[in-house]
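Enquirer: Residues per chain are reported as follows:
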Amino acid sequence: MTNSALTVTGLRVRRGGRLVVRDVSFEIPRGAVTGLLGPSGCGKTTLMRAVVGVQIVEGGDVTVLGLPAGSPPLRRRIGYATQNPAIYADLTVREALRYFAAVLRAPASDVDRVVAEVGLAEHAGKLVGSLSGGQHNRANLAVALLGEPELLVLDEPTVGLDPVLRDELWALFRRLADGGATLLVSSHVMDEAARCDRLLLMREGTLLADDAPRALQERTGTADLEQAFLHLVRAAS
Amino acid sequence: MNPALTLATTRRILTQLRHDPRTVVMLVLVPTLLMILLRYVFDSAAMFSRVAPALLGVFPFLIMFLIASITTLRERTTATLERLMTLPIGRLDLLFGYALAFGAIAVVQVTLAAGVSLWWLGLDLAGSVAMLLVIAVLDALLGMALGLFVSAFARTEFQAIQFMPVFVLPQILLCGLFVPREQMGWLLRWLSDVMPLSYAVEALTRVTASATVDAVILRNLVVVGCCALLALVLGAATLRRRTP
Numbered sequence: 002m003t004n005s006a007l008t009v010t011g012l013r014v015r016r017g018g019r020l021v022v023r024d025v026s027f028e029i030p031r032g033a034v035t036g037l038l039g040p041s042g043c044g045k046t047t048l049m050r051a052v053v054g055v056q057i058v059e060g061g062d063v064t065v066l067g068l069p070a071g072s073p074p075l076r077r078r079i080g081y082a083t084q085n086p087a088i089y090a091d092l093t094v095r096e097a098l099r100y101f102a103a104v105l106r107a108p109a110s111d112v113d114r115v116v117a118e119v120g121l122a123e124h125a126g127k128l129v130g131s132l133s134g135g136q137h138n139r140a141n142l143a144v145a146l147l148g149e150p151e152l153l154v155l156d157e158p159t160v161g162l163d164p165v166l167r168d169e170l171w172a173l174f175r176r177l178a179d180g181g182a183t184l185l186v187s188s189h190v191m192d193e194a195a196r197c198d199r200l201l202l203m204r205e206g207t208l209l210a211d212d213a214p215r216a217l218q219e220r221t222g223t224a225d226l227e228q229a230f231l232h233l234v235r236a237a238s
Numbered sequence: 137m138n139p140a141l142t143l144a145t146t147r148r149i150l151t152q153l154r155h156d157p158r159t160v161v162m163l164v165l166v167p168t169l170l171m172i173l174l175r176y177v178f179d180s181a182a183m184f185s186r187v188a189p190a191l192l193g194v195f196p197f198l199i200m201f202l203i204a205s206i207t208t209l210r211e212r213t214t215a216t217l218e219r220l221m222t223l224p225i226g227r228l229d230l231l232f233g234y235a236l237a238f239g240a241i242a243v244v245q246v247t248l249a250a251g252v253s254l255w256w257l258g259l260d261l262a263g264s265v266a267m268l269l270v271i272a273v274l275d276a277l278l279g280m281a282l283g284l285f286v287s288a289f290a291r292t293e294f295q296a297i298q299f300m301p302v303f304v305l306p307q308i309l310l311c312g313l314f315v316p317r318e319q320m321g322w323l324l325r326w327l328s329d330v331m332p333l334s335y336a337v338e339a340l341t342r343v344t345a346s347a348t349v350d351a352v353i354l355r356n357l358v359v360v361g362c363c364a365l366l367a368l369v370l371g372a373a374t375l376r377r378r379t380p
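Chains A and B are the protein sequences, given in the same order.
Offset between the first sequence (1-based) and the numbering used here: plus 1.
Offset between the second sequence (1-based) and the numbering used here: plus 136.
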């Protein structure tokens with residue numbers, strides 16, 4: 002039994018003839034929040050899709066919770082929220098969640114729990130299509146929380162949210178990790194990086210760094226993570 | 137296969153429709169209104185009785201084809217399909233969920249259209265009403281299954297809509313509605329023979345003309361049912377867990 006929730010070795014993914022993930026290897030520990038950071042288009046989403054097992058990969062190994070990515074038993078143990086909300090616009094929040102809960106064989110009470118966790122309790126009876134962008138995003142996140150998955154793969158979950166909501170969601174991520182869940186959260190906002198236990202910095206399909214935020218700053222001798230990232234980019238080129 | 141997941145999917149689709157009352161009204165009423173229109177275009181109960189049975193199959197076939205292809209395409213383009221493919225649900229659970237939901241709608245649609253045709257518009261039916269309904273519902277399911285299947289080949293809604301004239305209109309032209317199948321040249325006859333709608337229309341016409349359920353009707357029912365099932369299974373094959 003390995004102690005890491007996720008082990009990626011030599012992952013290569015080609016999309017539309019272009020190598021978008023180039024020999025990426027890393028591990029992420031269980032019960033931690035790992036941030037996947039980098040500019041948009043750097044391969045974050047593709048990497049996450051490979052972890053969830055929906056991406057056709059060219060080479061390399063992805064082991065999730067001790068099993069090869071995409072194994073059927075993992076479907077109940079991973080919560081995945083795509084960057085663009087994938088939730089039925091013509092259902093109410095509660096109806097949509099009820100359906101996904103049924104698919105996951107999660108108890109019906111889970112719907113109310115996740116709605117409260119993402120702060121949508123007041124809007125649970127509204128049609129998903131009538132929600133604001135931020136609410137829509139949170140409804141999408143709520144689906145991933147159903148069934149208390151061991152690994153949460155969240156693609157830019159805080160995009161378009163105001164600072165208060167963003168803060169609340171990061172507090173939620175921390176609580177989930179404290180409860181034993183493992184989180185892989187992508188973002189392109191550097192100030193969110195400081196709230197992670199570990200950081201994976203990605204650029205143009207390669208991994209520039211894999212370290213704790215503080216260690217990263219110390220290693221690069223910079224004052225903040227933005228600077229650290231720039232330092233690493235310049236060092237790499 | 138898991139019946140609970142199939143039923144959850146059916147319920148989800150029907151709930152989606154419930155939030156769209158205009159679509160529900162059109163689904164239920166349009167075939168009936170077209171039958172009424174047809175009756176007065178012919179202005180003769182005898183003429184109407186000759187064509188109506190075939191159209192009782194054709195209208196739901198066409199509408200279900202459109203609805204199913206658009207719904208599945210929407211499921212693909214809004215990435216809810218990709219999300220479902222990461223979850224513990226079988227592809228057939230999903231498709232049979234669709235089949236049940238649309239099948240239920242087809243029952244309502246066909247029952248109303250057939251009822252109005254029989255008791256108001258003067259459709260003369262020699263066979264049993266139940267048999268007529270069974271064939272017409274099966275026909276609607278065939279349309280749905282084909283719609284599900286071909287939507288896999290559409291990237292946009294424009295393409296999906298145009299699959300209607302490509303996949304449905306030739307079947308309508310060749311099913312024996314306009315020209316008896318026996319009078320067609322060998323190529324058209326052969327095409328007519330491989331198109332499932334021809335079997336449905338033939339069964340509907342026979343049920344109207346004769347009180348006995350003969351072997352041809354049963355054979356045709358089996359053909360239509362198998363084609364619908366085949367299209368569903370092929371549709372399942374087009375749902376991919378992993379994509380490029």
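Treat each hint with caution, since some may be false.
Unchecked claim - Residues of chain A placed beyond 10 Å of chain B at every Cβ, according to the derived structure:
1. G17
2. G71
3. R76
4. A103
5. R106
6. S110
7. D211
Said to hold, decoys possible - Okay, the calculated bits of chain A under chain B, using three or more residues with CB under 8 Å as the criterion:
8. 83 to 90
9. 212 to 224
By construction, these hints were calculated from the structure, which means they are not laboratory data.
In this text, a Cβ means the ideal position worked out from N, Cα and C, and glycines have one as well.
Enquirer: For every hint, state whether the structure bears it out.
Expert: A quick look at each hint next to the structure:
{"no.": "1", "hint": "G17", "in the structure": "violated (8 Å)"}
{"no.": "2", "hint": "G71", "in the structure": "violated (7 Å)"}
{"no.": "3", "hint": "R76", "in the structure": "violated (4 Å)"}
{"no.": "4", "hint": "A103", "in the structure": "violated (4 Å)"}
{"no.": "5", "hint": "R106", "in the structure": "violated (7 Å)"}
{"no.": "6", "hint": "S110", "in the structure": "holds (16 Å)"}
{"no.": "7", "hint": "D211", "in the structure": "holds (25 Å)"}
{"no.": "8", "hint": "83 to 90", "in the structure": "holds (count 6)"}
{"no.": "9", "hint": "212 to 224", "in the structure": "violated (count 0)"}
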